[in-house]
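Chain by chain, the residues:
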Amino acid sequence: MASTQGQIWVLVDYSLCTGCRLCEIACSLKHEGVIWPAASRITVYEDYPGCPVPHYCVQCPDYPCVSACPTKALKVDQNTGAVLVDTSLCTLCSSCVQACPGRVPKVVKGKQYVLICDLCGGDPACVKECTRAGYNALRVIRKPQGTAIKHYAKPPEVVVREVCSRVFG
Amino acid sequence: MGMVQTFGMWGRLLDVDLSSGKVAEMKVSPVTYRMFIGGRGLAAHILWRELGRRWREVDPLGPENILTVLTGPLTGYYPGIKLSISGKSPQSGGVVGSVVSSHVAYAIKACGYDGLVIRGASRDPVYIYVRDGDVEVRDASRLWGMRGVDLIKALRSELGRDAPSIYIGPAGENLVRTAAVMARWFHAAGYGGYGAVMGSKKLKAVVVEGSGPLPPVANKDEFVKLRYEVIDRVASRVTFRRWGTTSAIWRVGHDTSSEPVRNWQEEWHNKEEFNHVLIEWRYWAKNPWADWSCPLACMKVSKVGIGGVTYLSDGPDYEMGAYLGTNLGVFEVDKAIALSAMADDLGLCGIQTGNVMGLAVELFERGVLTRENVGYDLRWGDFEGLRRLMEDIAYRRGVGRVLAEGTYRAAVEIARMKGVDPGEVLKYAVQVKGVGIGAHGIRSRKDYPQPIAYAASVQGGDHTSVAGLPANSEESESWSAFLDSAVVCSFTSTDEDMMIRFTNAVTGWALTKEELYGVVGPRILTLQRVMLLLGGPDVRWDPRKHDDNPPRFYEPLPSGPYAGSFVPRDEVRKNLEEYYKQLGWDENGIPTEDTLKKLGLYDLADAVREIRRELGAG
Amino acid sequence: MFCLQFYGNLAHSLGRTLCLDVDRCVSIYSIIEELLRSKGEPISVDELLITTADGKQVEHEATTCDLGEVRVLRLVRGG
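Protein sequence lines correspond, in order, to chains A, B and C.
Under the working numbering, the first residue of the first sequence carries the number 1, and numbering increases by one thereafter.
Under the working numbering, the first residue of the second sequence carries the number 1, and numbering increases by one thereafter.
Under the working numbering, the first residue of the third sequence carries the number 1, and numbering increases by one thereafter.
Just so you know, the hints here were simulated from the structure itself, not pulled from any lab data.
Source: prediction; values computed, not measured.
Mixed in with the good hints, there may be bad ones.
What the hints assert, rightly or not - Derived DEER-like restraints, expressed as beta-carbon distance ranges: (1) B:Gly307 <-> A:Val158: 44 to 54 angstroms; (2) A:Gln112 <-> B:Ala605: 34 to 44 angstroms; (3) C:Glu41 <-> B:Gly423: 34 to 44 angstroms; (4) C:Ser30 <-> B:Arg569: 32 to 42 angstroms; (5) B:Thr370 <-> C:Ala53: 54 to 64 angstroms; (6) A:Gln112 <-> B:Asp232: 33 to 43 angstroms; (7) C:Glu41 <-> B:Glu222: 55 to 65 angstroms; (8) B:Glu391 <-> C:Ser38: 27 to 37 angstroms; (9) C:Cys3 <-> B:Glu272: 50 to 60 angstroms; (10) B:Asp232 <-> C:Leu18: 54 to 64 angstroms; (11) B:Glu272 <-> A:Leu84: 50 to 60 angstroms; (12) C:Glu41 <-> B:Arg573: 49 to 59 angstroms.
To be verified - Some residues of chain A that are not near chain B, with every Cβ distance over 10 angstroms (derived): (13) Cys60; (14) Ser94; (15) Tyr135; (16) Ile141.
The beta carbon of each residue, even a glycine, is placed where N, CA and C say it ideally should be.
Build out the structure end to end from the sequences listed, making use of the hints.
The following block contains the structure:
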């Protein structure tokens, strides 16, 4: 496995997340130039009141989405560790969605390519917005080594179950 | 470009007729938005246009009434979220612009629409499902009868995911006039009683999923800059974030002596259990919690266990904690939270229901209502009895059948039952024009509502839309009308200058403060005022009598640091006259013809003449 | 001279306009906080919206040397 030297990672603290969705708004404003939550690369799920779960690409060390792509449209940015989509090669076949343990990549009406978090080239807008609002639920850290982080990539309903049962029983 | 294209809005609404099942599109012109802004103002305009001809005859609980679910130009752009819910009100007979925090507000815009206009009535229970351009009226027979928590679960399982929705509980289904339109477990559009309107249309819920972008704004750079400024300002309201409006249960009561205690017999308490620091330590499972795009996050999730049952609620938020707590003599916080959770689950407005329950307990105490009438005893602070009473109201059982009509109508009916003059019971009813007064009293003068706050409001006892002097300032009801029409949450609102600049950046308008207070605000208020005074079918308000505070507010406060305070009648009278004058209304608060002309509301002239004639005022 | 224009119920207890003699540059927010305390008003400056005559919120760092007059309104009405 390649070294993650210098690569960054977004660490979430679910207990601090207020469910405000400002991260979704910031992401869509940054990438699409308009407020478009459906096109945000970060999605907040909230099956139970008071237990919001932000869900996004965690740059799995083995990058199953990259391997699964039949047109080689996905590659890894060695500087940040983010998955990058070559918009001219993507055919919206959804192989990456199936390969992803958390079904994170998004196919959105109106976009000709799959949407995956690119870590904003190293300065994630979602983190900035969350910090600006003073919630601090998202932080940029050095990418942790190893496969433990893949747990954050589980399907949202699984994460919700595991995180929310402690609070709400 | 401003008048040719509307920025920030799509210029179209979904028009759903539940009688025929037909779905159409209602266009809204840029001029209409410029005149009425959106939300509450637009609702008033649509309702007058569609129903004005026979306003008095329209039964709010009949198929002729129209339910409006609307956004405004600031929806989705201005931090925080609210959705406007309106129609002819089963409480006041006028138009109340109620708001509720709901993700449906941004979702409907993401579908390509500015809102929905819902007419007619379905024969069988239905829910409306909107997904981008597609609208379905779906069978809700499986969902009918469900309480809030179960309904949300059922909708999630039917759709396979959590989708934004507004819905009613059993109270709305049973046409209880104190029923609210609910959202997200604990949020309610209570004022106006529109839960009953949804119930009368057999409409259980409106579910909206939108995958598109919001409409473009006029000046993007300015909008982005102002948006950051607002986020910074609002995010700095640290204590509000920390304790939310729950802190008011202590502060409004203990510090400002303006909180209802035992049906407003007192407005002061020193019950330390309601100190928000203790409430936070004992009951809060999640803090802070926020609504869509909100940088304040004033909400909480509280969790209590009583008798083996777990109740989840908001903080409780101030109104619930006051109306279902101190107002009912419930000074145990866990019981107040439980009652709040129950009201949410039943789809009852905590304010209106707490208000009529307070009336009922006082009447029982005075022997006006008896055990024979109720079936059990009503006592201040009696959790079991109060819980039972709330259920009886939601299901129109026993005395609940009468109380479900809301404070005003229940008082009149109880007087009739007892063979006494309505005034004999109305003197205990703390309401204005059919709307129970929100938990902010006027007697101590240390909270915000002025002496004419409720007497002159076009929304009656609505504490979020109070009237005040001077009419060209944020004290005026014009300001609330603007916030409810832009549709923003008042807790994330900032100063006039910022709000107007923000509006102009999104819409491309050149709105000014002078125009807001001189034309737009008065236009919306005047329109609402006329429909309120027309009223009907079962209520008719005489401004000379009903532009007033309830009798109790003229009784001196019996306790607390401002004991002895009350509001002098002549001050109310004087302020009313001044307020009317500033809005361009006559000495009885009836809009003058000159004002109608100036505001572009001349189609109200006949109605205004009729109202004046009936008052014998020529 | 530094003047405060009160609105609503605050005007009822403190008068429409209250002018204070200030001989140096004092923080506007703290002078208001002090005034409310001294008059026994049960409201904190956090609950107020302080604006200029044209309705613009006054910055927290502003002093009585920056502005001669401000409006004092309630920030939150209802809850």
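Okay, the hints, checked on the actual structure:
1. B:Gly307 <-> A:Val158: 44 to 54 angstroms: Since the Cβ atoms of Gly307 (chain B) and Val158 (chain A) sit about 33 angstroms apart, the hinted range of 44 to 54 angstroms is violated.
2. A:Gln112 <-> B:Ala605: 34 to 44 angstroms: For Gln112 (chain A) and Ala605 (chain B) the Cβ distance comes to about 56 angstroms; the hint is violated.
3. C:Glu41 <-> B:Gly423: 34 to 44 angstroms: Holds - the Cβ-Cβ distance for Glu41 (chain C) and Gly423 (chain B), about 37 angstroms, lies within 34 to 44 angstroms.
4. C:Ser30 <-> B:Arg569: 32 to 42 angstroms: holds (39 angstroms)
5. B:Thr370 <-> C:Ala53: 54 to 64 angstroms: Check passed, 60 angstroms falls within 54 to 64 angstroms.
6. A:Gln112 <-> B:Asp232: 33 to 43 angstroms: Holds - the Cβ-Cβ distance for Gln112 (chain A) and Asp232 (chain B), about 36 angstroms, lies within 33 to 43 angstroms.
7. C:Glu41 <-> B:Glu222: 55 to 65 angstroms: Roughly 38 angstroms apart at Cβ, these two residues miss the hinted range, so it is violated.
8. B:Glu391 <-> C:Ser38: 27 to 37 angstroms: At roughly 50 angstroms between Cβ atoms, Ser38 (chain C) and Glu391 (chain B) fall outside 27 to 37 angstroms, so the hint is violated.
9. C:Cys3 <-> B:Glu272: 50 to 60 angstroms: The hint (50 to 60 angstroms, Cβ to Cβ) is violated, given that Cys3 (chain C) and Glu272 (chain B) are roughly 39 angstroms apart.
10. B:Asp232 <-> C:Leu18: 54 to 64 angstroms: violated (30 angstroms)
11. B:Glu272 <-> A:Leu84: 50 to 60 angstroms: holds (58 angstroms)
12. C:Glu41 <-> B:Arg573: 49 to 59 angstroms: Violated - the Cβ-Cβ distance for Glu41 (chain C) and Arg573 (chain B), about 27 angstroms, lies outside 49 to 59 angstroms.
13. Cys60: holds (24 angstroms)
14. Ser94: holds (16 angstroms)
15. Tyr135: violated (7 angstroms)
16. Ile141: Its Cβ never comes within 10 angstroms of chain B, the nearest being 23 angstroms, so this holds.
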